[in-house]
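*Asks:* Okay, here's what each chain looks like letter by letter:
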Amino acid sequence: MAWKPDNKIGGGEHIGRRLFNESKLSGAPDQNPWKGLAIGNFIEKRGTFSVDRLGRTGIEKPVVEYLKLRCLAHEASRKDSRFDGWAYLKPSKIVEAVSSPPVASEIRTQDNAGVDEDWDDANPKQNLYHAHVVIPEGTDPLLFAFRFREKVGTEKGVYPAPWIKLQGAVDSEQRRKMIETAAYYLAEKRGFEPGHETEDWAAAEKEIDATLKG
Amino acid sequence: MPYPTADHSASVSFVLGTSTASAPTSDDATYRKALDEYLKASSTRRLVIDASALDRNTNITNTVAPWLGAVQRRLNASIRIDGSAEMPEGPWLSKEVVGSANVFFDATSNLLPSEPYLYGLPTGELVAEFDSNAGRMTLIVSKDTATALATVEGDVVHKSIKLVANTPAAMRSELSAVVSRLRIKQDGVEAG
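Line by line, the protein sequences are chains A and B. Final position of the first sequence in this note's numbering is 214; the numbers increase by one with none missing. Final position of the second sequence in this note's numbering is 1192; the numbers increase by one with none missing.
Source of the hints: derived by calculation from the structure; they are not laboratory data. Hints may contain errors.
Unchecked claim - Below are the DSS-like pairs computed for lysine-lysine, each with C-alpha atoms no more than 27 Å apart in a straight line:
{"no.": "1", "chain 1": "A", "residue 1": "LYS61", "chain 2": "B", "residue 2": "LYS1095"}
{"no.": "2", "chain 1": "B", "residue 1": "LYS1095", "chain 2": "A", "residue 2": "LYS24"}
{"no.": "3", "chain 1": "A", "residue 1": "LYS45", "chain 2": "B", "residue 2": "LYS1162"}
{"no.": "4", "chain 1": "A", "residue 1": "LYS206", "chain 2": "B", "residue 2": "LYS1159"}
{"no.": "5", "chain 1": "A", "residue 1": "LYS79", "chain 2": "B", "residue 2": "LYS1095"}
{"no.": "6", "chain 1": "A", "residue 1": "LYS45", "chain 2": "B", "residue 2": "LYS1159"}
{"no.": "7", "chain 1": "A", "residue 1": "LYS68", "chain 2": "B", "residue 2": "LYS1143"}
{"no.": "8", "chain 1": "A", "residue 1": "LYS24", "chain 2": "B", "residue 2": "LYS1159"}
{"no.": "9", "chain 1": "A", "residue 1": "LYS151", "chain 2": "B", "residue 2": "LYS1159"}
{"no.": "10", "chain 1": "B", "residue 1": "LYS1095", "chain 2": "A", "residue 2": "LYS45"}
{"no.": "11", "chain 1": "B", "residue 1": "LYS1143", "chain 2": "A", "residue 2": "LYS24"}
As the list claims (entries may be wrong) - From chain A, some residues computed to sit far from chain B (all C-beta separations above 10 Å):
{"no.": "12", "residue": "ILE59"}
{"no.": "13", "residue": "ARG78"}
{"no.": "14", "residue": "SER105"}
{"no.": "15", "residue": "TRP119"}
{"no.": "16", "residue": "ASN123"}
{"no.": "17", "residue": "GLU199"}
We put the beta carbon where it would ideally sit given N, CA and C, even for glycine.
This is chain B alone, in the form it adopts within the complex (with noise of 0.2 Å):
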């Protein structure tokens, strides 16, 4: 007998393991049954809502990490303020540089491994660095562009996405190519 998978109205697409539920059904409740049972079903398996295929099929994109805010104050107190003799020494960050990362991370911050710790170069850009159980992601931000950097068994990964002109749900789409090689943990599920 094949298990009750289910997708909602080809709205919501559920990975467990390497099969993909796919089954159409026809109301929320349909769809909720079938789900309790496919997951009663496979409780050794683990569940992955994979963020991107929400986005695609649903164009929710209004969730944000909850580390966000705390993340956007932090950059927000590091502008460099010009022609302040009272700032002291330390590496500052210019407002444009600012605005880009604030932009980006209101566009992916659900998509991002974890919490970043930030720093700046002595350039002028913002560095995020993610931690995840299953590597670290580097994100090198400047005034127009966001370089991702990972290691993925072995390899590197290395994207560079626009910051100016670009879409949020772009911008969502080019590092999910990104983070989707990290099987990281995300929203507390974990990845097979």
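Here chain A stands alone, though its shape is the one from the complex (with noise of 0.2 Å):
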């Protein structure tokens, strides 16, 4: 049974990020291999730092059972890319990193067209475990990155994904909706520019079932 969380960050609780192997460049096959995190697993523009709360005292691994989908349609949404797991953080460390604390987030009741949603477990965009770090109004982007990935880099705090293959273990509603939260992350990518819907639709299906197959 996953813990619960309530809407107030504890002290011990273990803030992650999501990795992807991103550290790459289709020019540069040849260079000898780099073993640190990318630094564009720390980048937000938004003004938002997006975590998941991953345990109270630790890692819970029911709550990386719980992850697991909503990481995967996070994959799924970002080409070339493998999710790899968290860099963690306890929250004092991160208000030391980059001088702001995480906050629990609001449970999202509405899609993106602001229509009212039920709650769903097996609906990805809807996370529980979901957080946010606000960035300092002024604080460029860059620097906020570097600071976190430092601070992971200090504590040693990274936790590889438990790879699991997901073939034939994804009925086909949780198929539908990875695929949507996928289609999703692709629009947003694009400011929710209209007239891609089908387009992005169609790609999201094909990284998911690429996934699905492992």
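Given two chains presented individually in distinct reference frames, assemble the corresponding complex, making use of the accompanying hints.
*Replies:* Now the structure itself:
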């Protein structure tokens, strides 16, 4: 049974930022391997920095299990990316790094068009464990990202994704919702510019099916 | 007796340990002799050649890092060709970003701590990661700016350098504000 978080973040909680393997360049396959965390994982230009609450005093497996579909849907929305796990810190370390605490996010009960949605644990867009850090006004997003990444490096807080093959473990409704979520992320990338809905859906479907096949 | 320190007609500054050699000399032979004696006398100390001081005093900026060619080849091979259906999936860069990165590396390669590891951001910028014994520096290059970030003794150093309408000397000078604090290994000579 997964822990049900309340709206106040506890001091012992482990707060995780999703990591994707995005430290590549098409014309540079001959480089020596590099083992750092790609700074792109920590750059947010919207003023808030999304994180997941991973457990009360440590990382709780039922919470990770709950987040799995959401992370894979997120992965499918990012081309050539693999979800690798989380970079995590305790709330006090986040404040030390970026001078701003994590805050529990309100549970999303409307879809992107503003239509009320019922709560559904199988809907990857609804995340009980979502939290965010407000990026202080005037802070360069690159500086924020660098500070967060440096603190993770100091604390050695990386939790790798427990990689579980999902083939056959997702029913058609879950698959549809994963596609919907991935399409949402694709639309978000272009600022919800209209006219690309079919294209986004097709791209998301392709990526989700590739993910589910492992 | 003072060390036989030397400064070649105000052209080169050598920093040894915490002291700076500064006595003027009249010609090359005297300069070399003084320097040899100095190095002999301070064999346990380490020599640092401050590349930005070299620039200021000599205007010599035509030396480049040995890795520059390989890095520029990787950058040029990563340019997205618009309209090509043949481009495989992968992180590509625009020609504007690659052009800016080439200008920046041409101007600054011999100030940088090491050969960089290169990768792209989903938003199209180039990232170059530098490792040295003293720490890591991250450089993010967009079409008009290079942002250098490093942690030095617990402090984060952050510098944005304009790449448009900026001279190579100005880029070097601005970058020096970051790299001089990194106490880097450079050109096989270790900082003290």
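*Asks:* Checking one constraint from the list: CA of LYS1095 of chain B to CA of LYS24 of chain A, max 27 Å. Satisfied?
*Replies:* Holds: LYS1095 of chain B and LYS24 of chain A sit about 17 Å apart, inside 27 Å.
*Asks:* Are the Cα positions of LYS45 of chain A and LYS1159 of chain B separated by 27 Å at most?
*Replies:* Roughly 18 Å separates the two Cα atoms, so the pair holds.
*Asks:* Between the alpha carbons of LYS79 of chain A and LYS1095 of chain B, is the straight-line distance 27 Å or under?
*Replies:* holds, 21 Å
*Asks:* Is ASN123 of chain A truly not at the interface, in the sense that its beta carbon sits beyond 10 Å from all beta carbons of chain B?
*Replies:* Nearest chain B Cβ is 25 Å from ASN123 of chain A, so the label holds.
*Asks:* For the pair supplied as a hint, LYS206 of chain A and LYS1159 of chain B, confirm whether the alpha-carbon distance does not exceed 27 Å.
*Replies:* violated, 41 Å
*Asks:* Given the hinted pair LYS61 of chain A and LYS1095 of chain B, is their alpha-carbon gap at most 27 Å?
*Replies:* At roughly 45 Å apart (the allowed maximum being 27 Å), LYS1095 of chain B and LYS61 of chain A break the hint.
*Asks:* Measuring Cβ to Cβ, find out whether GLU199 of chain A lies farther than 10 Å from everything in chain B.
*Replies:* holds, 16 Å
*Asks:* Take a quick look at whether LYS45 of chain A and LYS1162 of chain B sit within 27 Å of each other, Cα to Cα.
*Replies:* holds, 20 Å
*Asks:* Far enough from chain B: is every CB of that chain over 10 Å from the CB of TRP119 of chain A?
*Replies:* The claim holds: TRP119 of chain A sits with its nearest Cβ about 31 Å from chain B, beyond 10 Å.
*Asks:* Take the C-alpha atoms of LYS1095 of chain B and LYS45 of chain A, compute the straight-line distance between them, and say whether it is at most 27 Å.
*Replies:* Judged against 27 Å, a Cα distance of about 23 Å means the pair holds.
*Asks:* Could you grab the alpha-carbon distance between LYS68 of chain A and LYS1143 of chain B and see if it respects the 27 Å cut-off?
*Replies:* Not satisfied, since the Cα-Cα distance of roughly 37 Å exceeds 27 Å.
*Asks:* Does LYS1159 of chain B sit within 27 Å of LYS151 of chain A, going by the straight-line distance between their CA atoms?
*Replies:* Holds, because 19 Å separates the two Cα atoms, which is no more than 27 Å.
Checked against the numbered hints given earlier, this structure breaks hints 1, 4, 7 and 13; the rest are met.
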